[in-house]
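Protein chains: 2
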Amino acid sequence: MRFSQGVEWMLHSVALLAQAPAGMAVSRRVLAEHYGLPEPYLAKPLKALVRAGILTASSGPSGGFRLAGRPEDITVLDIVEAVEGTSPPFICQEIRQQGTAGLSPAVCQKPCAVATMMDHAHQAWRASLRGITVVDLVKSTPKAIRDRNRADFAARLSG
Amino acid sequence: MRFSQGVEWMLHSVALLAQAPAGMAVSRRVLAEHYGLPEPYLAKPLKALVRAGILTASSGPSGGFRLAGRPEDITVLDIVEAVEGTSPPFICQEIRQQGTAGLSPAVCQKPCAVATMMDHAHQAWRASLRGITVVDLVKSTPKAIRDRNRADFAARLSG
Numbered sequence: 010m011r012f013s014q015g016v017e018w019m020l021h022s023v024a025l026l027a028q029a030p031a032g033m034a035v036s037r038r039v040l041a042e043h044y045g046l047p048e049p050y051l052a053k054p055l056k057a058l059v060r061a062g063i064l065t066a067s068s069g070p071s072g073g074f075r076l077a078g079r080p081e082d083i084t085v086l087d088i089v090e091a092v093e094g095t096s097p098p099f100i101c102q103e104i105r106q107q108g109t110a111g112l113s114p115a116v117c118q119k120p121c122a123v124a125t126m127m128d129h130a131h132q133a134w135r136a137s138l139r140g141i142t143v144v145d146l147v148k149s150t151p152k153a154i155r156d157r158n159r160a161d162f163a164a165r166l167s168g
Numbered sequence: 010m011r012f013s014q015g016v017e018w019m020l021h022s023v024a025l026l027a028q029a030p031a032g033m034a035v036s037r038r039v040l041a042e043h044y045g046l047p048e049p050y051l052a053k054p055l056k057a058l059v060r061a062g063i064l065t066a067s068s069g070p071s072g073g074f075r076l077a078g079r080p081e082d083i084t085v086l087d088i089v090e091a092v093e094g095t096s097p098p099f100i101c102q103e104i105r106q107q108g109t110a111g112l113s114p115a116v117c118q119k120p121c122a123v124a125t126m127m128d129h130a131h132q133a134w135r136a137s138l139r140g141i142t143v144v145d146l147v148k149s150t151p152k153a154i155r156d157r158n159r160a161d162f163a164a165r166l167s168g
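Note that the protein sequences, when read in sequence, are chains A and B. Residue numbers for the first sequence follow the working numbering, so the first one is 10 and each next one is one higher. Residue numbers for the second sequence follow the working numbering, so the first one is 10 and each next one is one higher.
Derived by calculation from the structure, the hints in this document are not laboratory data. Please note that the accuracy of each hint is not assured.
One copy or any two copies: either way a pair holds, since identical chains are not told apart in the list.
[To be verified] Under the rule of at most 20 Å between Cα atoms (straight-line distance), these lysine to any residue pairs were calculated in the SDA-like manner:
no.: 1; residue 1: K152; residue 2: Q106
no.: 2; residue 1: K119; residue 2: P151
no.: 3; residue 1: K56; residue 2: L76
no.: 4; residue 1: K119; residue 2: D145
no.: 5; residue 1: K152; residue 2: D87
no.: 6; residue 1: K56; residue 2: V39
no.: 7; residue 1: K53; residue 2: V39
no.: 8; residue 1: K56; residue 2: R37
no.: 9; residue 1: K119; residue 2: A153
no.: 10; residue 1: K56; residue 2: S96
no.: 11; residue 1: K148; residue 2: Q106
no.: 12; residue 1: K148; residue 2: D82
no.: 13; residue 1: K53; residue 2: Q102
no.: 14; residue 1: K148; residue 2: T125
Please work from the sequences and hints to get the whole structure.
Here's what the structure looks like:
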């Protein structure tokens with residue numbers, strides 16, 4: 010069981026977009042070049058972030074992607090679930106209702122112990138990722154790298 | 010991203026094996042019939058549990074599967090990772106070292122913020138599942154069902 014690479018790409022890309030000068034849109038090509046990623050494959054996860062209301066997209070020569078809101082309001086969970094979907098990894102098939110020992114639906118109104126504790130673990134995972142915002146991600150980036158990103162953006166704006 | 014069905018099958022099967030009379034081995038066929046599962050598909054996850062030291066397998070007419078140890082020493086995490094593997098869902102590809110903004114390996118000795126917090130979330134998930142044992146699972150099963158399971162096992166032993 011493994012996340013798509015889009016999760017890593019989008020977490021880094023959103024953190025980078027949070028470092029762009031106010032009002033500047035960053036194209037898919039620039040994001041791809043920045044991290045050495047295959048540009049066509051960025052289309053799908055970027056579209057997912059727009060659909061989730063995390064990014065806005067604009068077209069035209071200076072078009073591209075921007076954060077739709079404040080970076081302190083975007084959590085890592087928002088980004089991961091926008092790319093991977095919100096479906097939990099464990100889906101209960103109610104096997105307790107099947108077979109020679111099958112229970113009647115009437116006694117299975119509540120989730121069984123297996124489904125309950127798999128859900129608890131999933132919620133613990135979600136809570137961990139919900140506790141981190143894009144601001145936290147940017148703050149954890151060494152200053153030298155943030156300075157270089159700022160210089161890169163300035164060069165693109167002036168070039 | 011979704012777990013294989015073997016996760017659900019094995020969590021229920023191990024809980025059932027914990028309810029078998031001492032010394033009784035339960036065949037793959039009986040497990041399949043109990044929960045209405047496709048018997049051939051149980052082979053792989055059952056083998057994984059044997060390989061992980063959670064179950065022992067014996068052959069012959071009264072052969073089958075038994076818990077290898079005490080149910081209070083087997084955690085839900087043990088079972089899930091035996092079936093799904095221990096590889097985390099997020100694998101860092103170090104994209105910060107790629108592209109026009111690529112960092113040198115020298116400054117990337119430590120995992121980046123993205124990899125670190127994805128690992129923290131994974132560890133929160135693991136801790137949640139590590140905190141529940143097979144005894145807890147059995148205790149959460151309604152007494153009426155445990156009684157019926159006991160009667161089923163007794164009937165098979167005497168039959």
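For each hint, the structure was consulted:
1. K152 x Q106: Between copies only: 16 Å across, 57 Å inside.
2. K119 x P151: Answer is between; shortest inter-copy Cα gap is 11 Å, intra-copy 48 Å.
3. K56 x L76: within (13 Å within a copy, 48 Å between copies)
4. K119 x D145: between (38 Å within a copy, 17 Å between copies)
5. K152 x D87: neither (25 Å within a copy, 41 Å between copies)
6. K56 x V39: For K56 and V39, only the intra-copy Cα distance (16 Å) is at most 20 Å; the inter-copy one is 48 Å.
7. K53 x V39: within (16 Å within a copy, 46 Å between copies)
8. K56 x R37: within (11 Å within a copy, 46 Å between copies)
9. K119 x A153: Answer is between; shortest inter-copy Cα gap is 15 Å, intra-copy 53 Å.
10. K56 x S96: The answer is within: 19 Å in one copy meets 20 Å, while 28 Å across copies does not.
11. K148 x Q106: between (50 Å within a copy, 19 Å between copies)
12. K148 x D82: For K148 and D82, the Cα distance is within 20 Å only inside one copy (15 Å; across copies 41 Å).
13. K53 x Q102: between (30 Å within a copy, 19 Å between copies)
14. K148 x T125: For K148 and T125, the Cα distance is within 20 Å only across copies (13 Å; inside one copy 36 Å).
Violated hint for the displayed structure: number 5, the only one.
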